[in-house]
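Number of protein chains: 6
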Amino acid sequence: MRLQLCTWPEIETYLARSTGIIVPIGSTEQHGPNGLIGTDAICPEVIAYAVGERTETLVAPTLSIGMAQHHLAFPGSLSLRPATLIAVVRDVVQSLAVHGFRHVYFFNGHGGNVATVQAAFAEIHADSSFGGEASPLRLKLANWYMGRRVQRLSRELFADSEGHHATPSEISLTWHAYPEQARPMTLTPRIAPTAAFGDARDYRRRFPDGRIGSDPSLASIEAGTRLFEASVEDTIEDYRAFLEQD
Amino acid sequence: MRLQLCTWPEIETYLARSTGIIVPIGSTEQHGPNGLIGTDAICPEVIAYAVGERTETLVAPTLSIGMAQHHLAFPGSLSLRPATLIAVVRDVVQSLAVHGFRHVYFFNGHGGNVATVQAAFAEIHADSSFGGEASPLRLKLANWYMGRRVQRLSRELFADSEGHHATPSEISLTWHAYPEQARPMTLTPRIAPTAAFGDARDYRRRFPDGRIGSDPSLASIEAGTRLFEASVEDTIEDYRAFLEQD
Amino acid sequence: MRLQLCTWPEIETYLARSTGIIVPIGSTEQHGPNGLIGTDAICPEVIAYAVGERTETLVAPTLSIGMAQHHLAFPGSLSLRPATLIAVVRDVVQSLAVHGFRHVYFFNGHGGNVATVQAAFAEIHADSSFGGEASPLRLKLANWYMGRRVQRLSRELFADSEGHHATPSEISLTWHAYPEQARPMTLTPRIAPTAAFGDARDYRRRFPDGRIGSDPSLASIEAGTRLFEASVEDTIEDYRAFLEQD
Amino acid sequence: MRLQLCTWPEIETYLARSTGIIVPIGSTEQHGPNGLIGTDAICPEVIAYAVGERTETLVAPTLSIGMAQHHLAFPGSLSLRPATLIAVVRDVVQSLAVHGFRHVYFFNGHGGNVATVQAAFAEIHADSSFGGEASPLRLKLANWYMGRRVQRLSRELFADSEGHHATPSEISLTWHAYPEQARPMTLTPRIAPTAAFGDARDYRRRFPDGRIGSDPSLASIEAGTRLFEASVEDTIEDYRAFLEQD
Amino acid sequence: MRLQLCTWPEIETYLARSTGIIVPIGSTEQHGPNGLIGTDAICPEVIAYAVGERTETLVAPTLSIGMAQHHLAFPGSLSLRPATLIAVVRDVVQSLAVHGFRHVYFFNGHGGNVATVQAAFAEIHADSSFGGEASPLRLKLANWYMGRRVQRLSRELFADSEGHHATPSEISLTWHAYPEQARPMTLTPRIAPTAAFGDARDYRRRFPDGRIGSDPSLASIEAGTRLFEASVEDTIEDYRAFLEQD
Amino acid sequence: MRLQLCTWPEIETYLARSTGIIVPIGSTEQHGPNGLIGTDAICPEVIAYAVGERTETLVAPTLSIGMAQHHLAFPGSLSLRPATLIAVVRDVVQSLAVHGFRHVYFFNGHGGNVATVQAAFAEIHADSSFGGEASPLRLKLANWYMGRRVQRLSRELFADSEGHHATPSEISLTWHAYPEQARPMTLTPRIAPTAAFGDARDYRRRFPDGRIGSDPSLASIEAGTRLFEASVEDTIEDYRAFLEQD
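Residue numbers (the numbering used here), protein chains in the order written: chain F, 6 to 251; chain P, 6 to 251; chain U, 6 to 251; chain R, 6 to 251; chain X, 6 to 251; chain L, 6 to 251.
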């Protein structure tokens with residue numbers, strides 16, 4: 006159930022049986038020489054849609070632009086500043102709260118979003134904690150690539166070639182979603198370097214083709230399909246547990 | 006050309022031949038008893054994708070959540086505050102500017118976004134006008150429903166039943182985009198009332214089913230297809246003129 | 006009735022019979038070679054004062070500095086950033102709301118303020134729409150130059166020489182208000198160019214003497230007096246209709 | 006020389022001989038039972054205009070609304086929040102700096118503005134101090150009632166009846182400026198109480214008619230005229246010394 | 006009683022007998038050639054701790070970094086922007102208010118904080134004054150160096166050598182607190198210059214060794230001990246009077 | 006070397022040999038029935054001071070108040086909102102950057118700070134990444150309780166009784182630092198519950214005495230001394246590696 010494809014009376018009906026919603030959140034940023042710029046938004050979106058269909062759960066429109074300032078030295082990367090993303094998350098949650106949603110499950114595809122979204126949750130709770138009305142909101146940020154089944158499968162498929170950015174797992178998943186966009190490619194070095202980094206220029210200096218520690222030449226549609234199924238299962242399980250939080 | 010489905014080296018190549026990009030911007034808000042909540046995002050998105058394909062123009066991910074605070078008394082409506090939307094537009098434009106984009110064409114589906122996006126443009130230019138470096142940016146907000154051909158066709162098809170919110174034109178266009186989501190329906194009153202309004206509760210009091218001045222029972226997939234073609238033509242013309250602005 | 010020239014007990018008395026107030030809002034910015042920098046503040050102020058006297062309506066002090074960042078390449082222009090003007094409008098409205106004012110009529114002299122003030126209204130309503138207490142506020146932005154009588158008279162007097170900035174209509178009105186400040190002058194070219202523009206430097210490049218599309222050499226005190234009377238009548242009519250909004 | 010009554014080429018000429026400008030800043034707030042709500046804006050405005058004429062100094066439009074949140078329990082009082090006033094002062098100074106003004110002399114009529122305007126100055130200087138370009142700006146806040154001659158005269162005229170808010174000195178000065186607005190009145194108690202206070206409701210509880218420690222029944226037009234002359238002299242002296250600051 | 010060294014049940018007990026707390030606030034900034042960078046935080050901290058012990062008053066952790074942008078041209082100086090310090094003060098006060106504290110006594114060691122903290126108080130009260138719930142908060146900013154006994158003693162000890170920054174009084178007090186950190190030193194010129202200043206670079210240009218108008222070569226541990234005792238007495242008296250404010 | 010106990014010329018000298026500094030950051034919040042409210046600030050402070058002495062590294066004043074909104078239902082807890090803490094971290098880093106510091110090592114004692122401080126780092130880098138000057142800054146957040154030696158020792162000492170808040174490790178460390186503040190106590194239940202939580206009231210509902218998953222009755226001064234030494238070693242190692250980052 007995509008929120009965009011419902012009418013408001015249908016949402017009124019939905020709220021009578023559930024106070025939960027999934028909000029996919031990603032990023033629009035370089036993913037190495039052959040990874041799609043939309044990778045981090047596409048991954049949580051396709052999984053969320055499947056979870057939504059299989060469990061009759063409402064799925065909000067994907068927040069496609071995340072906190073990716075460190076990728077801005079690569080053409081096509083878009084970023085919100087942390088303060089902006091905090092405001093976006095706050096406004097979305099507060100909109101949902103007006104309607105009676107209580108369990109808001111942000112389903113994330115981008116590691117760079119995690120700290121900022123957690124800070125946003127704290128901002129939202131602070132309105133209550135600093136003396137406002139008690140809030141019934143339950144907020145969770147889950148990463149599609151952190152589920153139990155996905156982690157096991159990634160290790161099995163790619164081991165030390167998985168790396169941290171432009172990973173073969175996420176590239177595979179996007180090819181599962183958009184098979185016509187698969188761009189198999191041999192990369193040099195095979196595995197990209199790993200390091201701490203500062204601003205966007207420092208990032209590009211250290212990782213000239215954009216990857217961190219990964220070998221996405223191992224990506225395949227078939228791996229993507231397996232990862233997709235694993236993540237859908239992980240997410241159904243995790244979302245159901247989240248809904249039970251009182 | 007969807008930015009999300011490109012790699013960064015492909016954007017580098019694109020920038021060598023064009024400094025223009027289309028950014029669809031919409032809203033997620035009630036559209037009356039039978040209109041999709043995603044109407045205002047779906048409309049500019051499908052037109053922008055077609056323009057992108059026919060003219061080899063890059064299209065950014067759709068900004069699906071707009072400034073719709075006045076719709077928040079209807080379940081499912083999401084809104085950013087004006088200050089948040091200003092920050093989002095600013096960050097997107099500044100991200101694009103880092104890469105060398107100069108002509109950023111926001112293609113809009115929601116009247117409620119217009120003032121805020123214009124204020125955002127002024128914020129962006131102000132950084133330069135208040136003494137910063139001269140900015141080469143050219144920014145435009147165009148509404149898909151304001152093109153010459155679309156306006157003529159809407160009048161011809163729906164005349165005084167077009168109204169201001171949940172119009173038969175926009176409902177038709179979403180049914181063209183998602184035919185399986187068509188929800189033909191007879192409405193009472195046939196044409197919704199029109200009035201000035203204050204906050205979200207005042208809006209709902211004046212417009213109990215969400216429509217303003219419109220009769221979306223006239224919507225049809227066929228009308229949607231004609232409006233789609235009209236808007237694509239309008240937009241190609243307008244975007245090309247915009248690109249020529251030095 | 007100028008708020009500045011009342012005592013607080015007098016306002017207490019006023020509130021017992023009316024919840025309406027007029028807030029003139031303008032700008033301080035170049036108006037071409039012979040137009041006063043205060044034009045956009047002077048025009049709504051003198052009309053508002055006359056409306057205030059003829060209808061016993063309270064008039065707040067003029068907000069003389071508006072959103073005029075695009076004029077900052079011309080000496081003497083002052084501007085607030087959009088975010089600042091939004092905050093000013095919000096604070097003024099919230100101050101008035103504390104006292105029980107419900108109908109706040111911003112009477113404007115500067116096209117560049119419109120988007121920002123509309124965004125400010127949305128910010129104010131959002132406090133309620135996002136779940137706060139229902140707000141009884143009714144807010145309107147009216148432009149002195151958009152009334153029915155004024156528009157007809159401008160067309161009659163100046164036709165295609167009216168233009169968009171430093172218009173003969175507004176220059177005439179300031180000369181009606183300050184006859185000793187009339188600076189009749191022949192200009193070259195007679196009618197200034199028209200174009201889209203970016204930041205302040207781009208504005209000055211395109212419009213070297215500050216005018217857009219206008220020929221203020223046609224301005225006269227006599228025309229100003231006629232425009233003044235037309236606008237006072239337009240505004241009394243419009244303000245009365247606004248007050249009736251429940 | 007009022008900025009509002011100049012053209013931009015005239016300001017260009019002015020800047021060739023002076024980098025100084027006076028910005029009157031006041032407040033719109035209750036001034037006791039017989040004091041004008043505009044008192045704190047009127048006082049610095051009339052003095053600044055006189056200084057401007059006698060010394061050929063440019064005077065910006067008066068910032069009529071200040072930081073007066075503690076007066077909001079009295080009808081008609083308007084206030085900006087401190088953060089808003091800081092933004093207004095910053096934007097005005099930055100606008101002036103674009104044109105080459107270096108000495109900006111805020112001429113104030115409201116004690117409640119002082120801390121906030123000083124904080125605004127620090128915000129402006131911080132842009133440079135935190136690593137930006139060195140700033141040539143010299144900023145001063147002067148209060149019309151703090152000059153040497155005015156202080157001596159107030160003591161001579163009103164001694165212990167001067168008090169802290171709605172003082173006979175400021176009331177007298179507004180009557181000098183607007184003789185038709187004089188509202189002589191006997192007050193009970195003759196001298197209002199003095200105390201520390203918290204928010205606006207606490208203020209009204211402690212000072213039921215709005216005055217603090219003053220007896221404005223002593224106000225007179227004649228006293229106002231003497232105070233006006235004293236302050237004009239004080240201010241000319243102080244402004245000239247300020248201009249000499251390198 | 007240091008808040009940091011209590012448990013929450015102990016604070017619960019404290020609140021049953023008192024609603025007051027002392028919050029030391031200082032700065033981390035250059036204090037001339039031989040003054041400690043922590044001077045302005047150390048001074049109010051040691052006095053507050055003594056007052057806390059002698060009167061069984063709770064003392065919050067010291068806010069060690071203040072508004073000191075004008076000192077940033079000297080290595081080691083840290084500053085918050087005014088907007089940041091306003092937010093810090095607001096959050097601390099609102100945290101305390103949640104628990105039932107009503108009398109919050111900021112005890113200050115840095116003149117540069119005064120305007121900003123006063124603006125912060127106004128921001129806090131504004132939440133109530135603009136229409137929120139009535140606030141019982143009483144807020145005071147007291148400077149350790151402004152007490153009656155301290156002022157008398159400083160004049161007696163240092164007369165015209167006291168000056169305005171890096172004064173012998175504050176240097177002495179830090180040596181009383183940290184005798185091993187005393188750095189007696191002869192300075193040239195003996196008394197530093199005095200002047201108005203703009204940004205940090207302008208400050209350093211005018212005061213090359215950081216002092217303003219002072220001769221800290223007169224500082225001594227013995228003077229510090231006498232100033233400490235004087236200030237503790239001043240502060241106990243002032244805090245007790247503050248607590249009685251209803 | 007404590008920054009507060011240095012003079013500015015000494016910092017000038019220090020910068021000639023090192024661009025690194027340690028900034029302890031903690032929180033002021035309830036730590037269960039017998040834990041000190043200052044626990045999270047005291048722990049990193051005492052370790053940082055020891056590291057500073059043993060390695061001649063500069064240590065900034067402790068940021069004692071962190072992001073702890075979820076603890077506000079327990080008396081004595083103080084919190085900054087995330088946006089405030091982001092501003093504080095940004096201002097501190099930018100102050101340090103003005104002087105030439107390049108390696109800023111935030112040494113943290115509070116898990117609730119982590120997301121917000123990471124978001125702050127992204128805000129700081131964003132100024133460069135969005136098109137500003139390239140930044141040489143290297144920023145790291147390290148938690149005292151996450152070092153290799155500390156983790157091993159905590160497991161050895163407390164195993165499953167360590168828990169997540171008011172842990173025996175942190176309580177022990179504060180008793181090492183302030184032996185006179187040790188408050189040995191038997192608690193019921195011995196091990197506190199663990200759960201996800203929402204706002205401050207929800208936190209208190211789930212964890213009535215403030216602890217999460219821990220048994221601080223196991224705390225001892227002796228354990229604290231061992232943890233202190235372990236953390237000092239961990240931190241010296243980690244800080245040195247950080248300094249080598251180019």
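Do not take every clue at face value.
Claimed, not checked - To spell it out: a stretch of chain L is covered by chain X in this simulated footprint if at least three of its residues, at any positions, have a beta carbon under 8 Å from a beta carbon of chain X; those stretches are:
#1 62–70
#2 80–87
To be verified - Selected chain F positions facing chain X (in silico; Cβ < 10 Å):
#3 135
#4 147
#5 148
#6 189
Because the hints were derived from the structure by calculation, they are not lab data. Bear in mind the structure is a predicted one, so any value in this text is a computation, not a measurement. In this text, a Cβ means the ideal position worked out from N, Cα and C, and glycines have one as well.
Verification of the supplied hints:
no.: 1; hint: 62–70; verdict: holds (count 6)
no.: 2; hint: 80–87; verdict: holds (count 7)
no.: 3; hint: 135; verdict: holds (5 Å)
no.: 4; hint: 147; verdict: violated (30 Å)
no.: 5; hint: 148; verdict: violated (30 Å)
no.: 6; hint: 189; verdict: violated (50 Å)
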